[in-house]
Amino acid sequence: MRLTKVFVLAAAVALSCGPAFSQATATIASAGTASKPLSTRVVAYQIEAKLDATKHTIAASETLTYKNLTGLPQQTFPFHLYLNAFQPQSTFMTEVRRSGTRGNGPDSDWDAKHFGSISVDKLEVANAGDLTNTMEFIQPDDHNTDDHTVFQVTLPKPVAPGASVEFHIVFHDVLPRVVERTGYAHDFDMVGQWFPKVGVWWKNAWNCHQFHANSEFFADFGTFDVKVTVPQNEIVGAGGDLVSSVNNSDGTKTLSYHSEDVHDFSWTASPSFTVVEDSWTGSQGPVKIHLLMSPGHMASTQRYLDAEKGTLRLFDQWYGPYPYDRITMVDPPHGGADAGGMEYPTLITLGTAVHMPQGVLAPEVVTEHEFGHQYWYGMVATNEFEEAWLDEGINSYTEVKVMDALYGSNTSAVNFPFAQMSESGLQKISYLGDPDSDPIARYAWLFINSNSYGGITYGKTATVLLTLEKVIGEDTLRQALHTYFMRYRFTHPTGEDFLKTIEEVSGKNLRWYFNQAIYGTQILDYSLADAHSDPRKWWDTSARGAKVSEKDEVYRTYVVVERKGEFVFPVDVDVKFDDGSTAIEHWDGQDRWVRYQYDRKAKIQSAQIDAHNQINMDRDPFNNSFTEDSDPRAAHKLRTIWVFASEWLSQLLAWLT
Amino acid sequence: MAATNRGTFLSAAGLVWKWQRLVWWVFFVCLIFGLFSTQEMTERANSLLDHNMAAQRLLKGFDISAIVLLQQLPDSPLEIQGHNIVHFSMLFVVFMLFATGGILAAYVLDEKPTTTAFFEAAGHHFWRFFRLLIYLAIVLLPIAGLAAATSAIRTHIDEQSISPYTADHFLEAAAVVILLLLIIVRLWFDMAQVIAVAEDEKKMHRALRRAFGLLRRNFLSLFWLYLRVSIIAWALFAFGLYLWMFRLSPQSNVAAFLLSQLMILIWLGTRLWQRAGESLWYRNYQANQVPEPAWTPPPAPMYMPTAAEPQQ
Chain G
24 MRLTKVFVLA AAVALSCGPA FSQATATIAS AGTASKPLST RVVAYQIEAK
74 LDATKHTIAA SETLTYKNLT GLPQQTFPFH LYLNAFQPQS TFMTEVRRSG
124 TRGNGPDSDW DAKHFGSISV DKLEVANAGD LTNTMEFIQP DDHNTDDHTV
174 FQVTLPKPVA PGASVEFHIV FHDVLPRVVE RTGYAHDFDM VGQWFPKVGV
224 WWKNAWNCHQ FHANSEFFAD FGTFDVKVTV PQNEIVGAGG DLVSSVNNSD
274 GTKTLSYHSE DVHDFSWTAS PSFTVVEDSW TGSQGPVKIH LLMSPGHMAS
324 TQRYLDAEKG TLRLFDQWYG PYPYDRITMV DPPHGGADAG GMEYPTLITL
374 GTAVHMPQGV LAPEVVTEHE FGHQYWYGMV ATNEFEEAWL DEGINSYTEV
424 KVMDALYGSN TSAVNFPFAQ MSESGLQKIS YLGDPDSDPI ARYAWLFINS
474 NSYGGITYGK TATVLLTLEK VIGEDTLRQA LHTYFMRYRF THPTGEDFLK
524 TIEEVSGKNL RWYFNQAIYG TQILDYSLAD AHSDPRKWWD TSARGAKVSE
574 KDEVYRTYVV VERKGEFVFP VDVDVKFDDG STAIEHWDGQ DRWVRYQYDR
624 KAKIQSAQID AHNQINMDRD PFNNSFTEDS DPRAAHKLRT IWVFASEWLS
674 QLLAWLT
Chain D
547 MAATNRGTFL SAAGLVWKWQ RLVWWVFFVC LIFGLFSTQE MTERANSLLD
597 HNMAAQRLLK GFDISAIVLL QQLPDSPLEI QGHNIVHFSM LFVVFMLFAT
647 GGILAAYVLD EKPTTTAFFE AAGHHFWRFF RLLIYLAIVL LPIAGLAAAT
697 SAIRTHIDEQ SISPYTADHF LEAAAVVILL LLIIVRLWFD MAQVIAVAED
747 EKKMHRALRR AFGLLRRNFL SLFWLYLRVS IIAWALFAFG LYLWMFRLSP
797 QSNVAAFLLS QLMILIWLGT RLWQRAGESL WYRNYQANQV PEPAWTPPPA
847 PMYMPTAAEP QQ
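Going line by line, the protein sequences match chains G and D.
Count along the first sequence starting at 1, add 23, and that's the number in the numbering used here.
Count along the second sequence starting at 1, add 546, and that's the number in the numbering used here.
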């Protein structure tokens with residue numbers, strides 16, 4: 024998914040050369056029948072498309088060969104027509120108006136520039152004839168009959184199990200002004216979710232949801248052979264290997280792409296791109312990095328490349344090999360930022376701005392995140408409609424790990440001398456923006472609004488997994504993710520598959536945790552309710568009057584820990600005394616509170632819950648500790664800033680006098 | 547004029563230094579207002595952050611997520627009391643409206659600003675300056691309209707242009723124009739205030755008319771006098787911010803406080819430098835005016851009867 028936009032800018036080494044893709048290379052995922060497929064190839068798309076760069080329309084034809092591996096005869100086939108979401112009466116727009124989405128708040132007005140459509144002009148099925156007139160739009164999610172993002176067609180005869188059926192579809196697209204990942208901006212066209220895409224047979228039924236404000240996509244693995252015809256001055260990037268490029272006599276050129284073991288194909292075109300070529304070599308061999316930069320953004324080139332290579336390396340090392348021989352990275356132009364922060368198989372879109380400070384790691388974060396989706400979504404192809412957390416949430420967790428490793432654990436999101444922010448902090452504040460309206464496991468389009476969807480799916484899942492490290496260990500969780508990836512890549516696993524993998528690898532029953540964290544909305548908040556020392560013989564004033572040495576005085580120290588939230592989690596409490604002694608308590612957190620009592624010839628110096636800051640889910644880290652010594656410096660620091668701001672505002676307004 | 551201007555520029559600084567009690571007094575009022583406006587926030591922050599290990603996240607460096615977390619909590623202990631800050635800022639504006647009369651009186655007359663004299667002058671001119679403020683609001687309306695139009699045009703350019711720079715360059719150019727207009731307007735009204743004090747002018751529209759004429763005839767001189775000080779103010783302010791954000795240790799509270807207050811003092815001092823410069827300039831201008839000769843009736847023509855005229 025696209026990352027929520029954050030900030031923007033940087034410095035470069037531009038390796039300029041023309042688009043110089045190699046022919047399909049002999050890698051694990053190379054074309055040709057000789058190589059073993061990595062996935063079960065259910066679909067084979069052959070698409071020819073012609074872009075009208077002036078009108079931003081596409082005339083295309085598609086041949087889809089669908090292999091019936093469902094085990095049942097299939098007669099009715101649903102298809103996605105995602106581009107029809109960009110119409111005022113669609114489910115998508117209705118939900119945006121009601122609850123907002125990533126790019127727009129609630130009550131957004133309809134802007135006709137954002138109109139988009141995909142129209143099927145003809146649908147023929149081999150050996151069944153023209154079935155155009157039998158197409159019918161369906162609305163499996165909300166019965167909004169004005170929504171045309173899903174249609175189904177019923178064949179005269181069913182397709183037997185194991186047999187294939189060939190659909191020939193002639194269609195044309197009208198791209199919207201960039202909105203929600205797709206469309207045009209100036210001379211830039213981002214072409215995503217642009218062709219009729221068949222649904223997935225999953226859990227013994229067709230799974231083909233409408234396009235919602237807060238949902239993404241789900242499709243089967245297969246092969247793509249796509250020919251794109253564009254004006255000759257256009258520079259094209261696509262999620263596939265460039266097989267050939269032919270100049271046509273009418274001033275256009277046709278580029279042919281081939282891609283295997285993927286479940287989607289997207290592409291982009293603009294005459295204003297600057298092409299930067301680079302490469303990285305991992306455990307599976309070389310990976311070509313094809314970066315398309317937009318005007319004014321060249322300063323971010325090296326930042327993108329460094330982040331990409333660092334991410335490739337760490338994913339290869341931690342989770343598993345990247346099997347493709349290429350990755351295309353697209354930097355959308357100004358005005359096209361809505362196309363940024365998005366993932367497609369072997370193509371990602373990024374985001375920066377003209378003057379992006381070095382201390383704002385937005386280009387790095389978006390690069391890492393979108394590449395991470397090559398694993399969590401691209402290869403482990405979970406159902407983004409129904410379990411969005413499996414790609415967005417896991418990806419947000421691995422984003423924290425990778426960014427911390429590359430850019431420092433306290434400075435992985437913002438890094439200035441005067442202010443910092445970590446990735447884990449960013450995920451946490453995202454989660455706590457609306458922490459308890461929806462559980463993680465909710466269907467994407469059923470979240471109360473886009474803020475909750477974003478905060479829970481991304482931020483809470485990441486925070487939950489970070490907290491899980493305390494229970495099973497960081498290394499064990501990494502091993503579990505590696506196992507999950509290797510086991511389920513090129514398939515469609517479920518949330519339970521993921522959770523069971525963690526339990527299997529850790530050897531622990533974690534249902535108590537998952538039931539609360541994934542399926543519940545409980546808030547985790549443990550608080551230090553009390554910490555003080557009292558003379559043991561507090562009533563004996565005469566002894567103190569006799570000036571008993573403090574060293575001989577016995578003190579009773581009380582430490583009370585309270586569970587303020589409903590989430591039950593075991594916590595550690597570190598208690599330190601002024602004689603240097605310590606006590607570490609482990610509390611299961613079940614009850615509402617617990618009191619610890621110590622009789623020592625020492626007074627309490629400090630007490631702290633979760634001294635190692637491992638319980639990321641704890642809502643309020645500021646109620647977790649106590650120190651006997653007063654230290655008002657933090658408050659004074661804030662006061663200095665506030666007083667200055669107040670004075671300067673006063674001075675500015677006094678300009679009027 | 548250049549020599550006069552340079553002399554005025556430096557002399558004005560000397561005037562501000564000479565009557566620096568005015569600077570200090572206004573500064574301390576501003577500081578007290580600042581402290582009052584943030585008192586409640588500080589107390590709440592202190593009750594939370596004192597005796598708290600998590601406060602280190604704000605002390606050693608500055609963890610942005612910690613601040614956001616605190617503001618997200620129910621009954622946020624770190625809620626910024628924006629309304630308090632705005633209220634006290636408005637109060638300071640009223641104070642300056644009042645104090646300007648006394649300040650200008652001190653600069654125009656170049657006399658020791660005793661408390662009695664200061665408050666007399668301040669009170670004497672307060673309602674006049676209030677009326678000027680209303681005039682200023684009216685004059686600023688078209689500039690506000692221009693700013694709004696600039697924003698709309700910028701958006702339009704951004705939508706049409708492939709390059710991201712075009713719209714930004716337009717905005718930069720427009721910002722310069724708007725800034726210049728604001729400076730001119732401020733200078734015009736500053737001179738109106740100076741005239742009101744120097745000539746004890748009661749009618750503000752007359753003061754404005756005279757100030758406009760003055761500005762029109764001596765635009766470059768006055769504008770350069772004003773602009774120079776503004777440049778110095780902004781440069782020092784930017785340098786101060788740089789030191790605070792990039793050079794000071796995150797834990798150096800005392801240095802940060804002193805530096806921030808020095809920045810405010812310099813900002814205020816440069817503003818009074820402008821007022822002193824305008825006052826001095828006007829005094830010199832008046833002193834250099836060649837007085838018009840007093841009108842004397844022309845001598846009566848000599849009448850000599852001619853021979854042809856009949857004698858009465």
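Worth flagging that the hints you see were computed from the coordinates, not collected in a lab.
The C-beta atom is built at its ideal place from N, Cα and C for all residues, glycine as well.
Hints may contain errors.
Rough simulated footprint, nothing fancy, chain G against chain D, three-plus residues with beta-carbon under 8 Å [stated by the list, open to error]:
| no. | region |
| --- | --- |
| 1 | 594-602 |
| 2 | 628-641 |
| 3 | 648-658 |
| 4 | 687-696 |
| 5 | 813-825 |
Pairs of lysine-lysine, DSS-like flavour, derived with a Cα cap of 27 Å [what the hints assert, rightly or not]:
| no. | chain 1 | residue 1 | chain 2 | residue 2 |
| --- | --- | --- | --- | --- |
| 6 | G | K599 | D | K749 |
| 7 | G | K599 | G | K560 |
| 8 | G | K493 | D | K606 |
| 9 | G | K560 | G | K523 |
| 10 | G | K59 | G | K180 |
| 11 | G | K250 | G | K90 |
Exercise for the section: State the violated hints by number, sorted upward, taking the hints as numbered earlier in the document. Expected result: Of the numbered hints, 3, 4, 6, 9 and 10 do not hold.
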